[in-house]
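J.: Assemble the whole structure, with the sequences as input and the hints as a guide.
2 protein chains.
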Amino acid sequence: MKTKVFYCCLVLFFLGFQGYVDARLLVESKPDRDDTAAYARWLVSQNSWGILTNVVSFSDGVPGKGTGVPYFYLTTLDPTARNALKDHRSSLAISEYPLGTCSNADPESPVCAKITLTGRLVLLEANSKEAEFARTALFTKHPEMKGWPKGHDFQVFKLEIEDIFMINWFGGPKPLTVDQYLKYKMNIFALDK
Amino acid sequence: MKTKVFYCCLVLFFLGFQGYVDARLLVESKPDRDDTAAYARWLVSQNSWGILTNVVSFSDGVPGKGTGVPYFYLTTLDPTARNALKDHRSSLAISEYPLGTCSNADPESPVCAKITLTGRLVLLEANSKEAEFARTALFTKHPEMKGWPKGHDFQVFKLEIEDIFMINWFGGPKPLTVDQYLKYKMNIFALDK
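Residue numbers (UniProt numbering), protein chains in the order written: chain X, 1 to 193; chain Y, 1 to 193.
Note that these hints are calculated values from the structure, not bench results.
Bear in mind the structure is a predicted one, so any value in this text is a computation, not a measurement.
All C-beta atoms, glycine included, are put in the ideal place defined by N, C-alpha and C.
Do not rely on the hints blindly, as some may be mistaken.
Claimed, not checked - Here chain X is said to cover these stretches of chain Y; the calculated rule only asks that three of the stretch's residues, wherever they fall, bring their Cβ under 8 Å from a Cβ of chain X:
| hint | segment |
| --- | --- |
| 1 | 54-65 |
| 2 | 140-149 |
| 3 | 152-158 |
Claimed, not checked - Incomplete in silico selection of chain X near chain Y, CB under 8 Å:
| hint | residue |
| --- | --- |
| 4 | Asp32 |
| 5 | Ser48 |
| 6 | Trp49 |
| 7 | Ile51 |
| 8 | Ser57 |
| 9 | Ala93 |
| 10 | Pro107 |
| 11 | Glu108 |
| 12 | Ser109 |
| 13 | Lys114 |
| 14 | His142 |
| 15 | Glu144 |
What the hints assert, rightly or not - To give an idea of the interface, some chain X residues facing chain Y are shown, with a C-beta separation under 8 Å as derived from the structure:
| hint | residue |
| --- | --- |
| 16 | Asn54 |
| 17 | Val55 |
| 18 | Val56 |
| 19 | Ser95 |
| 20 | Tyr97 |
| 21 | Asp106 |
| 22 | Thr116 |
| 23 | Met145 |
| 24 | Gly147 |
T.: Right under this line is the structure:
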């Protein structure tokens, strides 16, 4: 019976992760845990969703070219965007667990990294160059977004990061400034080279 | 090359989810989306982690006997527990995405459910019956917790739910009272029967 459960879950995982696997053809290997900026940027770039009041999708760039800045495609039909227009203070929490790189560690274990980016969630001017960049970043990692109903008035937001809290090993949160995080250059390699 | 990526990810997924698969031998099939209480209870019982300021593990009971009440095993070395002791207001956000049951839907799509339980995060008296129940619930779903360092003073907390916000289809959040949620009896079946 365990075998049946195994295959059942195998199918479920691949239904859920198929799009995701394709989107990860450009990958970065998991950085050394003491290279704090590298680890933080990897965690943000490799993930495609997190919690920002509610569960939301995000993208920090096209695969392999993450900028570290999370962009969102939100509708004011959802309270996350409505709240942001009234009070910009916001934070995005992301876990390493869904990446499948925590081995057998529990999601709460410090060995399984987690990062919280705190800052201001701001609406981008729809015709700006940055909004255009953000739409490409979002639609590449989340192809479904392109077809979301026009009538729902989805708009592009970004999180202007003011503080970073990351745990990726024992010993408490790692010191990491926003500047160190944003200036870090990722060492990307393409798997199909 | 795509084949290599496929197998590489296969291995990563199973390293990460092995414990989880074992813990899901008792499963409940995904409820009808209009059976709001059933869906909410399923989402909470089947998941083992969510965002409560930070990424934390939780359990609402031993597998197949979820109570709907999320219990946590937290140390005041982490700000989540420290904050809770000062200000009890808290919320736990959980996504259906990691369960692998959203088919190809994007994590932000309303088709991929998300639930936010808002309420008071309270510390349980260590010798109480409820704390004993909670430890069993937690250690069954998160066996690693039993071995977490005694010196870190992990304690059992619970979220006293005051409000529920769930989206599990188009049409906005579903109306669901805390009473409806807690009184719902889950229809569990054992896969190995």
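J.: Under the criterion of a CB-CB separation shorter than 8 Å, is X/Glu108 in contact with chain Y as hinted?
T.: X/Glu108 check passes; min Cβ-Cβ to chain Y is 4 Å, inside 8 Å.
J.: Within the assertion that chain X covers the segment 140-149 of chain Y, do at least three residues meet a Cβ-to-Cβ distance smaller than 8 Å?
T.: holds (count 3)
J.: Go through the hint on X/Val56 and say holds or violated, using the shortest Cβ distance to chain Y against 8 Å.
T.: The hint holds - X/Val56 has a Cβ within 8 Å of chain Y, the shortest such distance being about 5 Å.
J.: Holds or violated: is the Cβ of X/Lys114 closer than 8 Å to a Cβ in chain Y?
T.: 4 Å, holds
J.: Any CB of chain Y closer than 8 Å to the CB of X/Met145?
T.: 7 Å, holds
J.: Classify the hint on X/Ser95 as holds or violated, based on whether any CB of chain Y lies nearer than 8 Å to its CB.
T.: 4 Å, holds
J.: Under 8 Å is the threshold here; is the Cβ of X/Asp32 close enough to any Cβ of chain Y for the hint to stand?
T.: X/Asp32 check fails; min Cβ-Cβ to chain Y is 18 Å, beyond 8 Å.
J.: May I ask you to test the interface hint for X/His142 with respect to chain Y, counting a Cβ-Cβ separation under 8 Å as satisfied?
T.: Since the shortest Cβ distance to chain Y is 5 Å, the answer is holds.
J.: Is the interface hint for X/Thr116 satisfied, with its Cβ closer than 8 Å to some Cβ of chain Y?
T.: Status holds, d = 6 Å.
J.: Holds or violated: X/Asn54 as interface residue toward chain Y, Cβ cutoff 8 Å?
T.: Cβ of X/Asn54 sits 6 Å from chain Y, so the hint holds.
J.: Holds or violated: X/Ala93 as interface residue toward chain Y, Cβ cutoff 8 Å?
T.: 5 Å, holds
J.: Is the interface hint for X/Gly147 satisfied, with its Cβ closer than 8 Å to some Cβ of chain Y?
T.: 10 Å, violated
Going down the numbered hints, you'll see the structure goes against 3, 4, 24, while the others check out.
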